[in-house]
Amino acid sequence: MTLPMEENQDPKEAAAKPVKIRPRNVDKSKEGEEGPAEEKSKKGLLPKRSDPEWLAGLRPHEPSKKEEPAATVNGPLPDEPTLAHGPAEDGAVPTADEPDQSRVQKRRKRRVEGKEGKLIKFLRWLGGPGKYVIAGAACVLILAGLAFKAGTAVGFGQGRAALERELAVREARRVYVLPPEARERVDAALMAFRDGRAEETLAELTKITGEYPDVASIRYLAALAAIQAGNPEEALRFARESIGRGEKVADSLVVESIVESQRASLPETEKMGDPITRAQKILEEAIIEDPAAAGPRIELGSLLRYRGQREDAVRELRSAKARLHPVDSHLVIDVTVALIEVEELPSGALEVSEPATDDVRALFPAAYIAMKKDDFTLAKRLLDRCRAVLPADTFLYLVNDPAFRKFSYRDDLKPYFGD
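Note that this note's numbering numbers the sequence shown so that position 343 is 344, with each residue one more than the last.
Here are the simulated SDA-like cross-link-like pairs (lysine to any residue), alpha carbons at most 20 Å apart as the crow flies: (1) K381 <-> R411; (2) K373 <-> R386; (3) K208 <-> R198.
Since the hints were made in silico from the structure, they are not lab data.
Bear in mind that the values here come from a model prediction, so they are computed numbers and not experimental data.
Could you put the whole structure together from the sequences, leaning on the hints where they help?
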């Protein structure tokens, strides 16, 4: 910006000549009121703005090299031209009409005051109607959460009640005990199995399993029939179903081991690994599952014998014998059934006889008939024949049947009862 100068005036003199400047912060809103500056202007103490001499003294302010632009809240402000009184000297004191702060400082103060004013307004709003607005919004959120929670709880409650009703209906439909007609069918199927008709037994037990799926041990019986019928896949399926349901686990594992042993003769077993090793591991698992069972130990003894481990086989078989009941056989059942049938006959229908066979199924009933007819000599002879062909523990168990115990008071018969 270039300031006008008087004609024939030296530029240095014009720059050095001090110029009085009218203050710029005069309150223009108070028009008509005369302040000190106006009074001085009227008296001629201050130059008018139209005075060439006053205009000649105006020049742009040039900051020194040491002066740095003032920093603001939002960063440095762009340089703005300012007015000066001329060459400022060190230690110069501003006049009464000059403000104590620069424009930059004033602008910074206005910004800070503006932010503080907004914060104060917000705090006043919070202390007044704002607290009611926030409290209302909080109540709405709480009520919405409670409603959602209540609706969820009701939904879960209804779903749980429906599930419990469905489970109750299913439980009511389950049959854990075979009805009499189904038991007769199972007995007939097992009798056919004993007579060698394993395929017929498997078909009937498979049908019963489908009709009464919740009855225990039917699957194990079906697995036994499947092995006898030469159907290892069905045997394995029924055995694993029985294991999965926790029914006859040890015995079902024995069936699974038998199936694995049978696979040893198949040509494709080389690719599947050693089935004998798998069968042995299954039997060991069955022994862990039911340590009191003798069946897994018997099968393990037979398998170890097949593998040439004779000492281990003998040890397992003796361990199985220790767990077997001495009279756990078909023989005991046959003798007991024969004694029951004889007991039901009237005394006149009983005939004393001495069978020529050594079959105890005929000797024990004949000894009972002789005792009932008071022929104790024949009865003792028949009992001696039975004791000669039976193990001591088996004979002792059979002779202590309630049918014979009625005559244990006789001194000549006491040695037979072990008294």
